[in-house]
Amino acid sequence: MLKARPRCIISSCTVVALLMLAANVHGQGYKGFTLLNPDECVRLDKKVVLQLPVEWHKYGDFTKICALTQTKGQPAKVSIISVWVEEYYDTLPSDAPWEKFPLPLIVDDHFQKIGKLPEIYPMDQPRELGVYYGKWQSDMPTEIMVDVYNPAVSGNYYYDPLIWNTAKGTYGMKSEEAKYGSRHKR
Amino acid sequence: MAADTNDKADKLKRACDQAYVTYGSSCSHAVWYVISQYDPSQAWLDANTLTRNLSLNAKWKPVEFRELSRLASQGVLIVGGLGKAAGHGHVLVVYPGPDKAAGGYDAKDKAGKIYRVRPRGSYPRAMSTSLDGWPGARSYGDKTVWDAWGNDAEFGKVKFWKYVGSDGDGNV
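Residue numbers (my numbering), protein chains in the order written: chain E, 1 to 186; chain W, 187 to 358.
Incorrect hints may have been included.
Calculated lysine to aspartate or glutamate pairs in the DMTMM-like style (CA-CA distance at most 25 Å, straight line) [stated by the list, open to error]:
{"hint": "1", "chain 1": "W", "residue 1": "299", "chain 2": "E", "residue 2": "147"}
{"hint": "2", "chain 1": "W", "residue 1": "296", "chain 2": "E", "residue 2": "87"}
{"hint": "3", "chain 1": "E", "residue 1": "64", "chain 2": "E", "residue 2": "87"}
{"hint": "4", "chain 1": "W", "residue 1": "296", "chain 2": "E", "residue 2": "55"}
Label pairs and their computed distance ranges (CB to CB) [said to hold, decoys possible]:
{"hint": "5", "chain 1": "W", "residue 1": "203", "chain 2": "E", "residue 2": "50", "range": "49 to 55 Å"}
{"hint": "6", "chain 1": "E", "residue 1": "91", "chain 2": "W", "residue 2": "207", "range": "38 to 44 Å"}
{"hint": "7", "chain 1": "E", "residue 1": "53", "chain 2": "W", "residue 2": "192", "range": "47 to 53 Å"}
{"hint": "8", "chain 1": "E", "residue 1": "32", "chain 2": "W", "residue 2": "253", "range": "48 to 54 Å"}
{"hint": "9", "chain 1": "W", "residue 1": "339", "chain 2": "E", "residue 2": "73", "range": "34 to 40 Å"}
Derived from the structure by calculation, the hints contain no laboratory data.
Every value quoted in this text rests on a predicted model; they were computed, and no experiment measured them.
Positions of the beta carbon are idealized from the N, C-alpha and C atoms, including for glycine.
In isolation and in its complexed conformation, chain E is listed as follows (with noise of 0.2 Å):
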């Protein structure tokens, strides 16, 4: 009995300590949502490319696109489509100035705009974009939230979550304007 008591506390506490890594891996911080990892974005076709408006030909080999799925590997409904800015200027001169680059899409399966980030995504210097999806309805993310990591004296700052709107069928913010500070925990 008294052998036993032990690896029970043991095996308790590495429930508990799974399924916290667990909730911090998928949420972090945000119960139920996803954080994008920039690195499992992958270049888009240069085909596709040359779909878009005519302000993304330019940087067709500095585009990528990031599913946003439930699970991983399965077909995206939506989609997050950027220019990698760093990698383009990791290319150029260090005095090459900044551009007006395009803001990322937000496109269904078929590549049609379905909303769109307000920044740069993964990086719009000097500020980082976190970008959060969940709330799933048939294997779409009916809301996305955009944090933002600004260096700069203004400090971190977030938007209002991306709404999907069904009878419109595009994702939309209640307001564009940034808000300081940290968004509440949910």
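Based on these hints, arrange chain W on the given structure of chain E.
What follows is chain W alone, placed relative to chain E:
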């Protein structure tokens, strides 16, 4: 006249350089130091309070962005700033000299990787200090008034005031 302008610009430059060295980690103290060279009665105020105070103080008048470099180069003291509802705002002094491109310096991303902040636009120079590590907020005329905020939307909210003093022309 030209000599007088040069003297005034030199005074402003010297005050900015000294403030940068003495108060390298506090924007409000650095700006206060420069103001105190023109108005010794000015008490230290934090950035949020100072930006509110300058809007209401008869010794200070709002100034248009397009006038900043010309006036600062004539030795007119100009303070820029943006308060923050929750947290610390930021204040700086317009540094004498011609406009320059923002960016053009290195910074570290969240993961610690160094990247070049790309040059953009043309802005007045700044004297700015900060406790935080953002290099755009540390300037002795080598960076611009844009760099501390590093963001067009946010910089668009920044206000500037010129010191006109009690006699209305900035003389002390």
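Going through the hints against the structure:
1. 299(W) - 147(E): Cα-Cα ~20 Å, so holds.
2. 296(W) - 87(E): Satisfied, since the Cα-Cα distance of roughly 16 Å is no more than 25 Å.
3. 64(E) - 87(E): holds, 11 Å
4. 296(W) - 55(E): violated, 28 Å
5. 203(W) - 50(E): 49 to 55 Å: For residue 50(E) against residue 203(W), whose Cβ atoms are near 53 Å apart, the range 49 to 55 Å holds.
6. 91(E) - 207(W): 38 to 44 Å: Check passed, 39 Å falls within 38 to 44 Å.
7. 53(E) - 192(W): 47 to 53 Å: Because 52 Å falls inside the window, the suggested range holds.
8. 32(E) - 253(W): 48 to 54 Å: holds, 52 Å
9. 339(W) - 73(E): 34 to 40 Å: holds, 38 Å
Hint 4 from the list above is the single one not met by this structure.
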